[in-house]
Structure formats: structure tokens, C-alpha cells
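Q: This is what each chain is made of:
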Amino acid sequence: MALTDFSMLELARRLAAGETSSVEAVKASLDRIERLDKKVKAFLLVDARGALAAAEASDARRRAGTAFGRLDGVPVAVKDLFCTEGLATTAGSRILEGFVPPFDATVVRLLKQAGLPILGKLNMDEFAMGSSTENSAYFPSHNPWDLTRSPGGSSGGSSASVAARLAFGALGTDTGGSIRQPAALTGTVGLKPTYGRVSRYGVVAFASSLDQVGPIARTVADAAALLQLLAVHDAADATSATTMAPDYATRLDAGVAGLRLGIPREYFELEGLDAEVRAAVEAAAAAYKAQGATLVPLSLPHTKYALATYYLLAPAEASSNLARYDGVRYGLRVPAGGLREMYAQTRGRGFGAEVKRRIMLGTYALSAGYYDAYYLKAQKVRTLIRQDFAAAWEEVDAILSPTAPTTAFKLGEKLDDPLAMYANDVFTLPCSLAGLPGLSLPCGFSRAGLPIGLQILGKPFDEATVLRVAQSFERAHNFVRAPPLGEG
Amino acid sequence: MKLSREQVHHVATLAHLALTAEEEAKMQEQLSAILDAVETLRELDTSSVEPTSHAANAVEGWREDTVVPSLSPDQALKNAPARVGTSFAVPRILE
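Heads up: the protein sequence lines correspond to chains W and P, in order. Heads up: the first sequence is residues 1 to 488, going by the numbering used here. Heads up: the second sequence is residues 1001 to 1095, going by the numbering used here.
Bound conformation, chain W alone:
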């Protein structure tokens, strides 16, 4: 087993025992990135110098007995949506090319304070809008399981880097499924925490009522350990939760005996749900029953309206959030005759096709005469979707479903069909709209050898149960595998 194959916690154990060093781990990761990332293309920027300096400092702390914590010295990477002081941050967009933030996002600061070296910035769909990384202004990332396929999106660089073992773990963001869907498509564990659980300060904003930061890792325990670092109140984010996070490790191995797990009918009846995905998820549900959980058939009747609701609300919020890219304070400026012309030319040149589409859709949904029919209507349906879940929580402790309707699709396959691309998010959107925690973990492989993801949804701020349910499956049916990447 190569050093880069270890889980975060296994590496942490070896660091603590003095069997390896953070410098060795960073060098092994950088070496693997050097050899393989020309195929996977997960990274937009590799910060070898910064990561090595952080690793040296970590090793010095370990030697002095002053390690910052369990994960001190474990190298990770972050989506390029997080501001990193002194390190270029693009959000996958040309409009932010050359932008070097003068501050760290809170989550980046938390990683640094815990001693984790940051290997670099990961590719993503521009401004986190997309499900494939093909909307990156720079290049698409490739799925380590089949390089002709997408690693999902928008956090596809995060999922690809973790699956390909270029990084031990990664941070992503999830607005409508952008952590869970890429995790499902790459055979990794991705957790979107409850809205408000993790600070959004310094995270380039997409849709502020939905955006949430979370980990992508190779094991459930790693995801829990990363979340533990991130789940702290931040006065710099007014929506940051003040409730203390529990110790996620305490009940991680408690099993599912006695838990009630909901099976929402609407998720399994969807036209377009791949038969192999459905079979794998149903097999996972049966496995839970064998472990002592009670399966409870459920109805979440407004599920089919989530897609339309999301694709009105998220673009509306995005059209407002992205107004700040106007060529005045940072990023691209296209000189033009007057101020308005400069705005329009800068934005016309700097944004890619999908971002323009969503700004247009959102501007339209918010514009005079259409606000009530589109934006307000969608906000009301959002209430109905929340009420579906609120009723379900009277009966169950967690909900099981597929994460994505299919396994990884070919790059280019859906690029020119926005509605087909949006349909990828059909199972992840309701959770986002309701602000719930949701996790995807590998539950099998298709005959073609592609990973399949199981989604576990939980009550608000009950990440502990979501992780515990996930752990119970992973322990019995471990689908963590190394993808068959040539070592060339």
C-alpha cells in the first residue's frame, strides 16, 4: 500500500506514531499529482512550496509534542471557490483570473489552524454552476474511474483529486448537490452539512440561501473528522449556527439497530433512474434492514417540483450575487467608453455560457412583472418541500435514496443541453432547498465498473446520525477502491 492510499485518519495515526512525516506525505502527494494530474486535471493550482512549508512546520510540532490536533500534517486540497490569502482564486472563471485574495476563507483558516497542509486549488464549474466541471473556464476534470467521463460537479476537482488519491481529503461546496453528486460519480464520501453548520465567509457566493461547505473524503470517518474541524460558529457569517457541534466520532460506530430509515417512493419512481443505480440502492436498504434498521416507506409528494423551484431560486440569487463582478474592484476589466459599457463588456467577456444563462434566468425571474409568478412562487413551493421533510422527520431518523440518477456520464454528452444537465441534481436538490444535511457514499459499482452513490439525508443539525448510518454500511460493505489509473 502506497502512502497516498492511506485514509486521513490512518495517515494521522502513522504521523502520531512517528512512522512517517508530513513532509513525506506532502511529497508523495505532489509526486502523484505530477505523474497523474495531467490525466485527471483536478488541480487549477498546485502550491508545492506552501504545502511543504506547512508540512515542515507540522513535523516540527510533532517532534516537539505540540501538534495542533489529530489531523495536523495531513495534506488536503480545496475547491477554487475558497479565498486563500496570497494564492490565486478563480472560482473557475475568467472574470477572476489573476485575483489574489488578501484574506483566507474561514474554512481555510480552520484547516491551517489545525495544521493541515493545503496542496492547492481544485477545478470546478464556473462559480459552482454545473454538474460536470465542463463549465470551468480553464478545462474539464476527468473521472479517475474512466477518463472519458465527468467526475461530476461542481466540486468535480475535489471529488477527482480524492478518488485519484492526489489528496487525502478535500473541501467542496454544495448549493444543489455539488458535493454529493461528484462524490457519487467518483466513489468517494461527500457530506453537505446543514445550512449554517459551516461558515461561508470567504467562500465566493453563488446562491446564499443554499450554499454550504463540506468535505469530500475516502471514508466516512475521514469526512466526520474534517467536518469536526469546520463545524464551528463564525461571527463573520450571520447565518453561521451558534449551536455547538457534537463530537462526531463518539456515536459513529453505534450501528443502525433500532433506527428508522425512510424510503421515499418518489425518488425510486423517477423516470430516468438507471436500473443498476436503483438496484444497488435497494440492496443497500436491504443491508440496513439486515443490520437491524426498520425501513419505513415514505412519500415526499413535492419532490418532483424541486428541480423547477431550484432553477428559479438559485439563478435569482446568483444574478444578485454576481452583480459584484463589474470590473471595478478586482478581476477582469474590459475598457470601454463609459461606466455602463465597461460593466457590460467586462461581464460579457468574463462570464462563460452557463453563468450568463443563469444570470439571465435569475434577472428575468426577479424583474418587474415576473417576480410573483416565478420567484415568489418558487419560494412558496420551497415551503411545501420543507414541510414534506418536516412531516417525514416525525416518522424516521434518516432517509435513503440514490444520490444521482445515473453513474458518471461522458464528457461532452450533456454540454449543450442545460435541462439534461440540470436533471442530474434531481435527488440532491430537495435536501438543499430544505437546508438539511446530506451525505453520499459508495454503495456499489455498475457492470461497467463505475461507482454508484447512496444518499443519506438527516434532520437539521443531525450530521451525527447521517454519519453513523453511513459508517454502519461502510463497515460491512466497503466499496472504497483505488481507481484503475495507469501510473504513467
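Source of the hints: derived by calculation from the structure; they are not laboratory data. Take the hints with a grain of salt, since some may be wrong.
[To be verified] 20 Å max Cα-Cα, derived EDC-like pairs, lysine to aspartate or glutamate:
#1 K380(W) - D1036(P)
#2 K410(W) - D274(W)
#3 K380(W) - D1045(P)
#4 K1078(P) - D274(W)
#5 K1002(P) - D417(W)
#6 K1002(P) - E1029(P)
#7 K304(W) - E266(W)
#8 K112(W) - E56(W)
#9 K414(W) - E1043(P)
#10 K304(W) - E1043(P)
#11 K1002(P) - D372(W)
#12 K304(W) - E1039(P)
Dock chain P against the given chain W, drawing on the hints supplied.
A: Using the frame of chain W, we list chain P on its own:
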């Protein structure tokens, strides 16, 4: 719902987006298809439903009015495409 070319152009103006003729034509077709797809929400009677604006039950985050360190003008202006002294420079808007 089929958007007219004029509507597309008007929305682009509102959004401060310079679109090429080709982009406008494609936008007209794709936005119309998306608006057709979201028509499904009309099936639902929401006359007595309160809107949800936020996933969290947001509470006002009052805090003490204390001075904390923030960016210096130089740091804040470091990424500016153009600056004059401690200000962002923009094209002239007044004659």
C-alpha cells in the same frame, strides 16, 4: 413560454451583460425551454403558503459594536484594475 428577442435583449441590459447576436439567439431558445420546464409549478395551489426565503430560520445576528482589524487600503486595492490614490478608478460618469 416563448421569450421574444426584445425581451432577451432587455433582460441582458438589466443584467449589464453584453451578448453577441449569436448568444442572444441561443439564449432566447434555451431560456424559453427552461421557462417551459418550470411552468410545472403552476399546478400547485400556493395561495395560502408562506414563502421560504432562507433554509435557516435566520435570527438577527446582533453583536457588540467593537472595532476589529480589517484590510488596509493598500490590501483592499491590491486587486483593483485601476486606482487613484486610495480609491478605485472608473470611467468618468459626470461631465
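Q: All hints, please: hold or fail.
A: Cross-check of the supplied hints:
For the suggested pair K380(W) and D1036(P), the alpha carbons sit about 19 Å apart, so the restraint of at most 20 Å is met. With a CA separation close to 15 Å, the supplied pair K410(W) and D274(W) stays within the 20 Å bound. About 10 Å separates the Cα atoms of K380(W) and D1045(P), which keeps this hinted pair within 20 Å; it holds. Of the supplied pair hints, the one linking K1078(P) and D274(W) is violated, its CA atoms being roughly 50 Å apart against a limit of 20 Å.
A C-alpha spacing of about 17 Å is found between K1002(P) and D417(W), which places the hinted pair at or below 20 Å, so the restraint holds. For the given pair, K1002(P) sits about 8 Å from E1029(P) by alpha-carbon distance, which is consistent with the 20 Å threshold. A threshold of 20 Å between alpha carbons decides the hint, and for K304(W) with E266(W) the separation of about 8 Å falls inside it, so the pair holds. The suggested pairing of K112(W) with E56(W) holds, with an alpha-carbon distance near 13 Å, which does not exceed 20 Å.
Between K414(W) and E1043(P) the alpha-carbon distance is near 28 Å, which puts this suggested pair outside the 20 Å criterion. Using a Cα cut-off of 20 Å, the hinted pair K304(W) and E1043(P) holds, with the two alpha carbons roughly 11 Å apart. Restraint check for K1002(P) and D372(W): satisfied, since their Cα atoms lie roughly 18 Å apart, inside the 20 Å limit. Simply put, K304(W) and E1039(P) have alpha-carbon atoms about 12 Å apart, close enough for the 20 Å limit, and the pair holds.
Hints 4, 9 from the list above are not met by this structure, while the remaining hints are.
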